[in-house]
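Chains A and B supply the protein sequences, listed in that same order.
Residues 14 to 123 in the numbering used here are what the first sequence lists, from first letter to last.
Residues 2 to 580 in the numbering used here are what the second sequence lists, from first letter to last.
Note that these hints are calculated values from the structure, not bench results.
These numbers were taken from a predicted model, which means no experiment stands behind them.
Every residue gets a Cβ at the ideal spot worked out from N, C-alpha and C, and that includes glycine.
Please note: incorrect hints may appear among the correct ones.
As the list claims (entries may be wrong) - Below, simulated DSSO-like cross-link-like pairs (lysine-lysine); rule was C-alpha separation at most 27 angstroms, straight line:
1. A/K75 with B/K180
2. B/K93 with A/K81
3. B/K117 with A/K81
4. A/K100 with B/K117
To be verified - Computed from the model, here is a short list of chain A residues facing chain B with C-beta under 7 angstroms:
5. K46
6. P77
7. K81
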Amino acid sequence: MKAVSPGKGKKAKTDSTEESWNLRLYVTDQTSKSITAFANLKKICEEHLAGKYRIEVIDLLKNPRLAKRDQIIAIPTLVRELPEPLKKIIGDLADTERVLVGLDIRPVSG
Amino acid sequence: MGIALDSQRCWEVTMVKAKHAVDVLEKCPTGIRGLDEITKGGLPRGRSTLICGGAGSGKTLFAMEFLMRGAMDYGEPGVFMTFEETAEDLAKNFVSLGFDLPDMMSCGLIATDHVKIERNEVEETGEYDLEGLFIRLGDAIDSIGAKRVVLDTIEVLFSGLSNATILRAELRRLFHWLKDRGVTAIVTGESGDKLLTRYGLEEYVADCVILLDFRIEEQISTRRLRIVKYRGSSHGSDEYSFLIDETGLSILPITSLGLDYPVSTERISTGVPKLDTMLDGKGFYRGSTILVSGTAGTGRTSLAATFADAACLRGERCLYFAFEESPSQIIRNMGSIGMDLARWVKKGLLKFHSARPSLYGLEMHLVTFHRGIEEFNPQVFIVDPISNLSAAGTASEVKSILTRLIDYLKMKKISTFLTDLTHFGVSLERTSEERSSLIALIDTWLLLRDIELNGERNRGLYILKSRGMAHSNQIHEFLLTNQGIALIDIYTGSGEVLTGSARAVQQAEEKASELIRRLAADGRLRVQESKKEALEAKIAALRAEFDAESEELHSMAEEERKRQAVLAEDRLEMAHLRK
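Here chain A stands alone, though its shape is the one from the complex (with noise of 0.2 angstroms):
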């Protein structure tokens, strides 16, 4: 499991107003699905959500049980778990539109 923050060193900013983004990306190993999928959510993460933003990633060739525990049937999946309500999006989130869509997050214009 490894968690990102937003910058090595950086101080991550923390608006009281602002929601914090939990998202949890569920890979396996170093598949070239699941590499990408990763890729492509940190960009997304950088562009629409920089700052308020926490990705875990969960190899489940090592922890086969969360698989059942979390409802995972298709490699990658990303679930949105905060803020509430939970959202799932499969697939490896090249099509930026629909991963935007599937988050519900509002896109920053420019």
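Given chain A, work out where chain B should sit, using these hints.
Frame of chain A, contents of chain B only:
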């Protein structure tokens, strides 16, 4: 010619190889009653079998029983992956078949996983695969060392995920993966309009396909099973009836297709001594099939019950299927003719089964018969009456059912007694025409007939046929007395056939004249007696006279002797004096 020879040899080698392939196909016994017989051993081991059918046809229950019996009877743990039901619903379904799922799970024999797919939750944003599914399934299999897997019903993935291409590719991969894992899998699928399943699962699961059918015809539900395909194995290709109840599925077993049953020469009593006499003095053959036809109220049930009673007296078990009267009614009625059936029920020798035949389909009846026979293992089997069964199906269906039933009974050497209700006024020819196929299976056919004469109705019994023995061709009057059934010779008197009160009158007359003759004879005897007495009196008198005379003679002789003695004495004295 070299090439031709080669191809010939190639062909031969291929045939040998093919035969071997058939022989070595290993089968996985299901433990489902009847299924292992029709599949000749069970489902293909290490492969996937598709069970398809409409809603409510029993696919899930079939799959459950496969898993449960695998765990309980064969020690093979199994994984149940459900795409539709929650864990609680699953447990409830298992309970309905008498299986304790939580218990099996805690023993590590069954593992379950409920896969939830909700379309609105998910947005497909690019390439993906279903590795998550594989991981879950693999984990479940490894956790208990499963040898059997159920996927019920994987088609739900099609309605949850929109990328059919990915889905199909992954399904193909899944079945290969299952084969590599060496598990025997059952996959269920809903019936489609044009294809066997709605999403064409049969394309991937090609080793064995079984179709379940559930339909309601005229308010009677029937279940049928058919093996559509079984690669590498011969199998019964008919439609088989089955039923589902609290012990699981029951599929009708195959009965002997040939006519080669074992026959017995042993004879058993009918329960009516006179009837035994009419049947060559010995009664029915053991293992034979007997039919009693009769109009309402003629005593068919009494005959059946008497036969049951006789069997129980011999210590044999009797299974009695009553389709007209309730068992308690039968017991009570038989009590009035001197039979105590309750004691046999108590001893466990007599078992009743009763139902209204129109309540179930024909196949259900047949399966119920089979199960009753298997569980109770009787030597005698009675169905009273079979006529109601005709109401539950077409003529050809009834014929098929009865043929298979009788086949089965003969194989098991069970003596069978069937009663049949015929209609008053219908001729014997018409009855035998309607029942011709049944009658061909019957060994002994008895007919209870009303005899109407002089405004009176009495019952007569005759033996229409009894294979393998000489039998009486005389009608006998059939009476229900308080000591059981009595068969009386039809009174021939002065050459006439008489029954009922006419017979009674004739008998009374005969008795009267008999009495008179006896009285006359008595009179003559008395006269003779008095003569004898008179004679004896005379003799006594003569004797008395004789005795008196003898007495007199005796005393005279005595006197003479005395006189002679005195004279002798005097003479002696005188001689003395004369000196």
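Here's how the hints hold up against the structure:
no. : hint               : verdict
1   : A/K75 with B/K180  : 24 angstroms, holds
2   : B/K93 with A/K81   : 21 angstroms, holds
3   : B/K117 with A/K81  : 10 angstroms, holds
4   : A/K100 with B/K117 : 14 angstroms, holds
5   : K46                : 6 angstroms, holds
6   : P77                : 4 angstroms, holds
7   : K81                : 5 angstroms, holds
Hint violations for this structure: none, all hints satisfied.
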